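Colleague: Produce the complete structure using the sequences and hints provided.
Protein sequence lines correspond, in order, to chains L and E. Residue numbering for the first sequence follows this note's numbering, starting at 1 and increasing by one per position. Residue numbering for the second sequence follows this note's numbering, starting at 1 and increasing by one per position.
To be clear, the hints were calculated from the coordinates, so they are not data collected in a lab. All of these numbers come straight from a predicted model, not from anything done at the bench. Some clues are possibly wrong.
[Said to hold, decoys possible] Pair ranges (Cβ atoms, derived):
no. : chain 1 : residue 1 : chain 2 : residue 2 : range
1   : L       : 100       : E       : 276       : 34 to 42 Å
2   : L       : 84        : E       : 295       : 43 to 51 Å
3   : L       : 190       : E       : 81        : 50 to 58 Å
4   : L       : 86        : E       : 240       : 24 to 32 Å
5   : E       : 114       : L       : 188       : 44 to 52 Å
6   : E       : 308       : L       : 85        : 45 to 53 Å
Backbone N, C-alpha and C fix where the C-beta goes; we use that ideal spot for every residue, glycine too.
2 protein chains.
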Amino acid sequence: MDLLFLGTSSGTPTRARNVSAVALLEGLGKGWHLVDCGEGTQHQVLRSPLSLHELQAIYITHVHGDHCYGLPGLLASAGMSGRTRALPIVAPAGIQAWIEATLRMSETHLPYPLEFQATEALGDWRHGDLRIEATALSHRVPSYAYGFSEASPDPRLDTARLDAEGIPRGPLWGQLAQGLDVEHQGQRLRGEDYRLPTRPPRRVVIAGDNDRPALLAAACRDTQVLVHEATYTRAVANAARAEFGHSTADAVAAFAQSVALPNLVLTHFSPRYQADPTRSPSIQDVRQEAAASYHGRLFLAQDFLRLRLDKDGLLERVEAERRQAP
Amino acid sequence: MDLLFLGTSSGTPTRARNVSAVALLEGLGKGWHLVDCGEGTQHQVLRSPLSLHELQAIYITHVHGDHCYGLPGLLASAGMSGRTRALPIVAPAGIQAWIEATLRMSETHLPYPLEFQATEALGDWRHGDLRIEATALSHRVPSYAYGFSEASPDPRLDTARLDAEGIPRGPLWGQLAQGLDVEHQGQRLRGEDYRLPTRPPRRVVIAGDNDRPALLAAACRDTQVLVHEATYTRAVANAARAEFGHSTADAVAAFAQSVALPNLVLTHFSPRYQADPTRSPSIQDVRQEAAASYHGRLFLAQDFLRLRLDKDGLLERVEAERRQAP
Chain L
1 MDLLFLGTSS GTPTRARNVS AVALLEGLGK GWHLVDCGEG TQHQVLRSPL SLHELQAIYI
61 THVHGDHCYG LPGLLASAGM SGRTRALPIV APAGIQAWIE ATLRMSETHL PYPLEFQATE
121 ALGDWRHGDL RIEATALSHR VPSYAYGFSE ASPDPRLDTA RLDAEGIPRG PLWGQLAQGL
181 DVEHQGQRLR GEDYRLPTRP PRRVVIAGDN DRPALLAAAC RDTQVLVHEA TYTRAVANAA
241 RAEFGHSTAD AVAAFAQSVA LPNLVLTHFS PRYQADPTRS PSIQDVRQEA AASYHGRLFL
301 AQDFLRLRLD KDGLLERVEA ERRQAP
Chain E
1 MDLLFLGTSS GTPTRARNVS AVALLEGLGK GWHLVDCGEG TQHQVLRSPL SLHELQAIYI
61 THVHGDHCYG LPGLLASAGM SGRTRALPIV APAGIQAWIE ATLRMSETHL PYPLEFQATE
121 ALGDWRHGDL RIEATALSHR VPSYAYGFSE ASPDPRLDTA RLDAEGIPRG PLWGQLAQGL
181 DVEHQGQRLR GEDYRLPTRP PRRVVIAGDN DRPALLAAAC RDTQVLVHEA TYTRAVANAA
241 RAEFGHSTAD AVAAFAQSVA LPNLVLTHFS PRYQADPTRS PSIQDVRQEA AASYHGRLFL
301 AQDFLRLRLD KDGLLERVEA ERRQAP
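Modeller: This is how it looks when you write it as C-alpha cells:
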C-alpha cells in the first residue's frame, strides 16, 4: 500500500507544489484511489506512473476549490483516453450537482458512468479489497476524513468452519479461498465469510481540512498512518488570522502523539512556507514545530513523494518513478 | 504587442503541452488579455512573467472544457493574491451561470467584481487601448474568434480640428492629446475624437475551434496575425473521423494564403502529434502540410512561445522569460 502525493499546497498552486490530491495505491496490481482532486491533478497524474484507466474511485474531502476544481478535467480526460469502466465518486453534497452541471454546460459526454456516493451516507463502504468509512471534521464547510482499511489481509481459508458446515473439499474450497461467492446445495456461500485474516489489516486515514484533530481519535484506532493538513505553524497562525478552519503543525503533532500514532504525514502547507530553509517562514519551521510534540515517524509531504506502508505497519519513503517530459 | 502561448494542446494536456490559453500582452506596461483558460492555465501563468494583478480581461471562445475549466481556479487565485480591480469576462452564453454556480458550490467569495459580457452581444467593445470584436465560427457548439485592434496607434493631436472648433491652445490640448475627456464652455470633449493615428493599427485575430476558416475572411482584413487551430493534418483527419468540428493544417493554410495574411500561427494540436520528428505522426507533418499551401510567415505554437508584433506588422519570436521552479 503506497501513498503518492500529487498536490501538497493549500489554497493556490505554487511553482513547486500543486493543490490537494493524494493517490493511495493498492498493494497488488495497478489500482489506485484518489483523495481530493485540485486543479491540475490530471497533469500530475501524467507526470506519475499512475493511469486513469486504473483509477478505482475518487474521494472528495470537502467542496473548496483547491480540493475539487480538477475533477471535471480529469473525468473528461479519462473519457477521451477510452475509459469505459464505471467510476465511483464519494463526495459531500454539492459535488454531484456541480459535476453534472459542468459536464452539461461544456457538452461533455463521458463514455463511462459516474457512481456518486454521498459522503454523509457512506457508512462502511467496500470497494475492491478496501473498506472505507468517513469521519466528520471541523472546517468552514462540511469536511471529512476517509479511513482506508484492508478488508482481507493475506487471508487463509477457514477450514474449521467449512468442515463444521459439511462443505466438501474440492473446487468449491478453491473458489471460496479466492474470495468468490459460490452456490452449494441451493445456498449462496459468500467467500468473504470463509476467509480469515492472517495479520492485522493495514489502515490509513486521509483527512480533509480540519481545525480539531481530536475528532479523529476514534478513526485513528488501529491505524498506522494519518495524513493531515498542517496549513500553518503556530507562530504564523497567531500572527495572521486571515483564514480559519485549519490546524497548526503543533496541534496535529500533539494529537498524533496523544493517540500513539506510529506514522504522521503532514501536508497542505500555506504557500508562504519556503522550500529554502534560510528564508522565513520555511517548511523546516513546520517540521521543527511538529517534531517538538510528536515522537513517532514524521513525514512532510511534497509533490511526488511516495511512501510505502509494509505489512508490518512500517512507513518508508520509496524512490518516486517520475516520468520526464518527452 | 506580444503573444505568449500558455497552452497549445487539443482536448487533453500532454507532458509538453497544456490545454488552450494564449496571452496577448499590451505594447506598453504589463497589462495582458487572456484568450481561453483551459485547466492549469493559472499554473502556466506562475511559470511565466505574467501577473494575475495585471490581467485586463478574459475572453472565452467556446464552452468546451479544454478552453474554460481553468477559469474558477484562476479567478480564485487572483482573489487570494489580493486582486480588487474588476475583471471583465467576455464569454458565450453558459459560462457566466456556470462560473457563478461553481463559486457558490465551493463557497468562494472573490474580493473583486466579475463583469460578464456576452460574446453574442459584444459589438465593437473597447477595453484600454484595444478595440475587440467577435466573429462567429463553425464548431459543435457556438464558437468565436476575437479580433484585437489598437484603438489609437501612436496618436497625434488633431490640431486642425481644434483650431477649426476654436478650442484655445493650452492645458486642454495637453489633456486631449493624452486621450482624456475634458469640459470646455459647458461641453464635454472626448479625447478620442481629437486624436489621429500616425500609423495603421496592429491587429491580431485569435480564433476558437472552427471547421470553416473562410468565416474569418472579413475579420482578417487589415490583420497582421491570425492564430487558428490546426487540430489535425489532412491525412489523420481522413483516417480517423473520431472528432469533427476542427480544421486541418491544410485548410487553414489555404485560407490564410487566399486572404494574403502576412503571419499565421497554428495551435491546438491533437496530442497524437509527437514532438520527435522521427515518430509518426509528428508535429513536423503539421508544419509541412501548412507550408505547402501558405507562403507567408508560418509559426507553430508551443507552450511558452512568445511572439512580438512590431509596429510595422512584422511578427518575430522573442526569447521567452520563463520562471524556473525554485
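Colleague: Next, verify each hint and record whether it holds.
Modeller: Hints and how they fare:
Between residue 100 of chain L and residue 276 of chain E the beta carbon distance is about 40 Å. The supplied range of 34 to 42 Å therefore holds. Distance hint for residue 84 of chain L and residue 295 of chain E: a CB-CB separation of about 46 Å, consistent with the stated range 43 to 51 Å. The supplied range of 50 to 58 Å is met by residue 190 of chain L and residue 81 of chain E, whose beta-carbon atoms lie about 55 Å from each other. At about 26 Å, the beta-carbon gap between residue 86 of chain L and residue 240 of chain E stays in the expected band of 24 to 32 Å.
At roughly 58 Å, the beta carbons of residue 114 of chain E and residue 188 of chain L sit outside the given window of 44 to 52 Å. Checking the proposed 45 to 53 Å range against residue 308 of chain E and residue 85 of chain L shows it holds: the Cβ atoms sit about 48 Å from each other.
This entry does not satisfy hint 5, going by the numbered hints stated previously; all others are met.
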